[in-house]
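Asker: The residues making up each chain are set out below.
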Amino acid sequence: MAITSVKNLKEFSTSNERFEGAHLLCPGCAHSMIVRELMNCTDDNLVIATNTGCLEVSTAVYPYTSWDTSWIHIGFENAATAASGAEAMYKARKRKGTLKDPDASVKFVAFGGDGSTYDIGFQWLSGAVERGHDFTYICLDNENYANTGGQRSSSTPIGATTSTAQAGRVSYGKKEKKKDMVAIMAAHGAPYVAQLAPNKWKIMAQGFQKALETKGPCFINTVSACTTEWKFDPKDTIHLTDLATDSLMFPVYEIINGHELNILYRPKTIVPVEEYLNAQGRYKHLFKPENKHVIEEIKKGITETWEMLQRREEARV
Amino acid sequence: MRGAAATEKRGMRELGAEKLVGWDEVTHGVVINSFEGDAANIASLTSEERIYSDFNSYTATVASWRVVKPVYNRDICIDCQNCWVWCPDTSIISRDKQMLGIDYDHCKGCGVCVEVCPTNPKSLLMFIEAEENDSALSQWPEKKKKEKE
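Going line by line, the protein sequences match chains A and B.
For the first sequence, this note's numbering assigns the number 798 to the initial residue and increments by one for each residue that follows.
For the second sequence, this note's numbering assigns the number 5 to the initial residue and increments by one for each residue that follows.
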């Protein structure tokens, strides 16, 4: 059955799956929840490009593909470029009248992990957004290079231990703060930029729909809990994402036209961030007495960000 | 092996069992088709109505990854579809707003569906892979009463 409304979950569940099982992502990986949701919330034909990363290597293991749409396998950095190229070609052929089905509604989507979005593909993404192609870029943010063994990326938050920024006698893990990618993309003047989380399925599906409908380049940062590198039990993916959004470690918000900021989810009771940190192996060392100051710093960062978001929402700047 | 038996029944192949073409024989820019024939309106077809090609991972199985499996109890289920929306492996089969069961060819046994199930007792529970579904259903726990202070 065709699906356009995501008002209630029963309606939503009549959507036909276009992301097949037997991909090789880890059990409990949030990547596939996000991808499934994107493909279920629309009936349009999708052209998807994917940066190299967990998602790409696990869903296209030769000879299999898990994608029921047009899907382009591309390099580490250039999913945004591939999507914008495909979009430009589509527009040109539409103008020349050489399309097989000119009335079909086609949407262009690019997926990337945080490594390929925040670091390696940053320049390509920035270029594609500046050129103003009509596509949606979705970053699956799991805060490290999970595909290659959990190296530090510029998305890794302060205090987390990774294989290249390890906690031990001398260090408490990564010392630098997380890059604010959402603000950077909003500063490009993109018409729709958002940070969404899979545990809030309705907000996420509505955000995806908004991004697909919006003309022009849209950027969405999604929180994708990584069972392997964050070190928690696969069954707790949704519980951990709940803790992430409720402790305001990942505020859920959107920015329209670079200045209209709306907070999409306000937790009824704000969970202490220690609960979120304690649920993961990568923050275990922060609870030693000598590392207490890092938790204080994380708390300070969260309060500052939340205040900034609320002020921006009020002032519309 | 349980997974292999299920695979044979549905005409599927175990991952890695097929004869592969070597990398040298694959041309650059190779296209893999997910479906046989025309795939224009795939979003309007359910998986039973589609004609999958041998390259679609739907025809493969990851059943051998499982150590524990979810078992579904129809009698308690309220069709809230929480398990459907959060299943990472497209393994919850839902048609016409009703939950039908679990796709044991694609389930990896992560247990997310059990965690998000809101009923009391849960209508999905994890059992070890060797347990038969009927015997699992007979051991279902009773409804838990809320403890009053």
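Treat the hints with care, since some could be wrong.
In silico lysine to any residue, SDA-like type, Cα no more than 20 Å apart, as pairs [as the list claims (entries may be wrong)]: (1) A:Lys904 x B:Ser68; (2) A:Lys807 x B:Arg70; (3) A:Lys1096 x A:Val1114; (4) A:Lys972 x A:Met1046; (5) A:Lys904 x B:Asn45; (6) B:Lys101 x A:Lys972.
Hints were generated in silico from the structure; no laboratory data involved.
Asker: With a cut-off of 20 Å on the C-alpha distance, tell me whether lysine 807 of chain A and arginine 70 of chain B pass.
Answerer: 28 Å, violated
Asker: For a C-alpha distance cap of 20 Å, please report whether lysine 904 of chain A and serine 68 of chain B respect it.
Answerer: 36 Å, violated
Asker: Does asparagine 45 of chain B lie within 20 Å of lysine 904 of chain A when you go C-alpha to C-alpha?
Answerer: The hint holds at about 14 Å.
Asker: Hey, lysine 972 of chain A versus methionine 1046 of chain A, does the alpha-carbon distance stay inside 20 Å?
Answerer: 17 Å, holds
Asker: For lysine 101 of chain B and lysine 972 of chain A, compute the direct alpha-carbon distance and say whether it is at most 20 Å.
Answerer: 48 Å, violated
Asker: Please verify whether lysine 1096 of chain A and valine 1114 of chain A have alpha carbons no more than 20 Å apart.
Answerer: Distance of about 25 Å is beyond 20 Å: violated.
Violated hints for the displayed structure, listed by number in ascending order: 1, 2, 3 and 6.
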